[in-house]
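Once you've looked at the hints, dock chain W against the given chain U.
Just so you know, the protein sequences line up as chains U and W, in that order. Position 26 (the first sequence) corresponds to 26 in my numbering; numbering is contiguous. Position 20 (the second sequence) corresponds to 20 in my numbering; numbering is contiguous.
Certain hints may be false.
Some chain U residues well away from chain W (every beta-carbon gap over 10 Å; in silico) [stated by the list, open to error]: (1) GLN6; (2) GLN12; (3) PRO90; (4) GLU104.
These stretches of chain U come out as covered by chain W in the derived footprint (C-beta under 8 Å, 3 or more residues) [to be verified]: (5) 57–70; (6) 94–100.
Because the hints were derived from the structure by calculation, they are not lab data. Quantities reported herein were computed from a predicted structural model and do not represent experimental measurements. The beta carbon of each residue, even a glycine, is placed where N, CA and C say it ideally should be.
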Amino acid sequence: MIELGQLEKNHQAFVQRYTRIVEVSNDDQATAKLTQADFPHLLVVSDAQQNIAKAMQVIQSGAAADGTDTNAPTTFLIDGRGTVRWVFRPERFLVRLSPAELLEAISGINWGK
Amino acid sequence: MINPESNATQILPTRRKPLFLVGVLLIVLGPVLNFVQTSIAKLTTPWYLPILATAGVACLIVSLRQRRSVIRIVFAALFTLLCGAEWYMLLIAAKTPPYTGPAQVGSKVPEFSGTLPDGSAFTNDDLAQGGRTALIFNRGRW
Numbered sequence: 001m002i003e004l005g006q007l008e009k010n011h012q013a014f015v016q017r018y019t020r021i022v023e024v025s026n027d028d029q030a031t032a033k034l035t036q037a038d039f040p041h042l043l044v045v046s047d048a049q050q051n052i053a054k055a056m057q058v059i060q061s062g063a064a065a066d067g068t069d070t071n072a073p074t075t076f077l078i079d080g081r082g083t084v085r086w087v088f089r090p091e092r093f094l095v096r097l098s099p100a101e102l103l104e105a106i107s108g109i110n111w112g113k
Numbered sequence: 001m002i003n004p005e006s007n008a009t010q011i012l013p014t015r016r017k018p019l020f021l022v023g024v025l026l027i028v029l030g031p032v033l034n035f036v037q038t039s040i041a042k043l044t045t046p047w048y049l050p051i052l053a054t055a056g057v058a059c060l061i062v063s064l065r066q067r068r069s070v071i072r073i074v075f076a077a078l079f080t081l082l083c084g085a086e087w088y089m090l091l092i093a094a095k096t097p098p099y100t101g102p103a104q105v106g107s108k109v110p111e112f113s114g115t116l117p118d119g120s121a122f123t124n125d126d127l128a129q130g131g132r133t134a135l136i137f138n139r140g141r142w
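The following block holds chain W by itself, in its conformation from the complex:
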């Protein structure tokens, strides 16, 4: 005799931990944290971005071993690319070379000329008129 009750128990799928969801959340958490970090003007290296993405991708890969579907494979591939891009950005693309120009500590600033908003000139001589100056160069435009 077949016991229908025990048979039903056998075909019930094993409940898996929601690793896929956890992976996606970890990956999404990075940019969210980065947005918060930027909002509070704390501009330090966001190492958590690739680290969270790596942890997320690891979760996605494990979830793929548990259950495969086209959606999971596509997500895993895309997020792996994103994760790689984040590591590339922080380790390579965002690097700046050390300063080797002429304005070293103890040197006079070289001759230059720029324009103030009112159209008048701003030159290196303006830096030698008694006051201290923090001369700041930023990347790109405002």
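Bound-form chain U, shown alone:
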């Protein structure tokens, strides 16, 4: 949970940019509750049935270690009207956006009114 820890640590910088962090997890609700307790400034969403992942089409088939389907790491920046303003997916799943990179992306977007 390195990424969540880093995001939690930098949550104030996201607040200053009027941006909340929503982490979508394949975990069930009980596990999401535990994760939420560890990272209170992030919003953890349980997506055990992969409804969100399917709707957003971020599932990479057969990419999990056991050969099952799993989410391809993907980050969306969405404005207050529900419009996607920025999408990032690394070339390799080993790569993660650092909080600094995410903050830079947020700052670099013309969010409009």
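Chain W alone, transformed into the frame defined by chain U:
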């Protein structure tokens, strides 16, 4: 007459550079660096893993040419496999396809529904209530 001193000099083995050891160290260095990289949460592509392993395997192969033993051959074979696995991982297995889904820049997010830890629903409508959101999907589970 045989000169025992010069004879002794001839049978002394030539001292080789410790290439075998250097090779093993190079190969082991990769995972150590990767552990450090992960510890400091710098999650970038660890190209140094297969590069160090390749350099290490090259050292092992050269050391095999200098002196062969079963242990060296076994180590060289195992580390060559490891090196190949590392290249395969980075070049093929870890690749993610480009995003081609419906949530493209300028589009509205599609309809969805998930569950918040308190049991309430989290839907696409929650993303259209005035605030900015970084919606993050990660691989696997927490």
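Okay, the hints, checked on the actual structure:
With a least beta-carbon separation of about 5 Å from chain W, GLN6 (chain U) fails to lie farther than 10 Å from that chain, contradicting its non-interface assignment. With a least beta-carbon separation of about 14 Å from chain W, GLN12 (chain U) lies farther than 10 Å from that chain, consistent with its non-interface assignment. The non-interface label for PRO90 (chain U) is inconsistent with chain W: the shortest C-beta to C-beta separation is roughly 6 Å, within 10 Å. Taking the minimum C-beta to C-beta distance to chain W, about 12 Å, the non-interface status of GLU104 (chain U) holds against the 10 Å cut.
Requiring three or more residues with a Cβ within less than 8 Å of a Cβ of chain W, the coverage given for the stretch 57–70 of chain U holds, as 7 such residues are present. With 4 residues having a Cβ less than 8 Å from any Cβ of chain W, the stretch 94–100 of chain U passes the three-residue criterion, so the hint holds.
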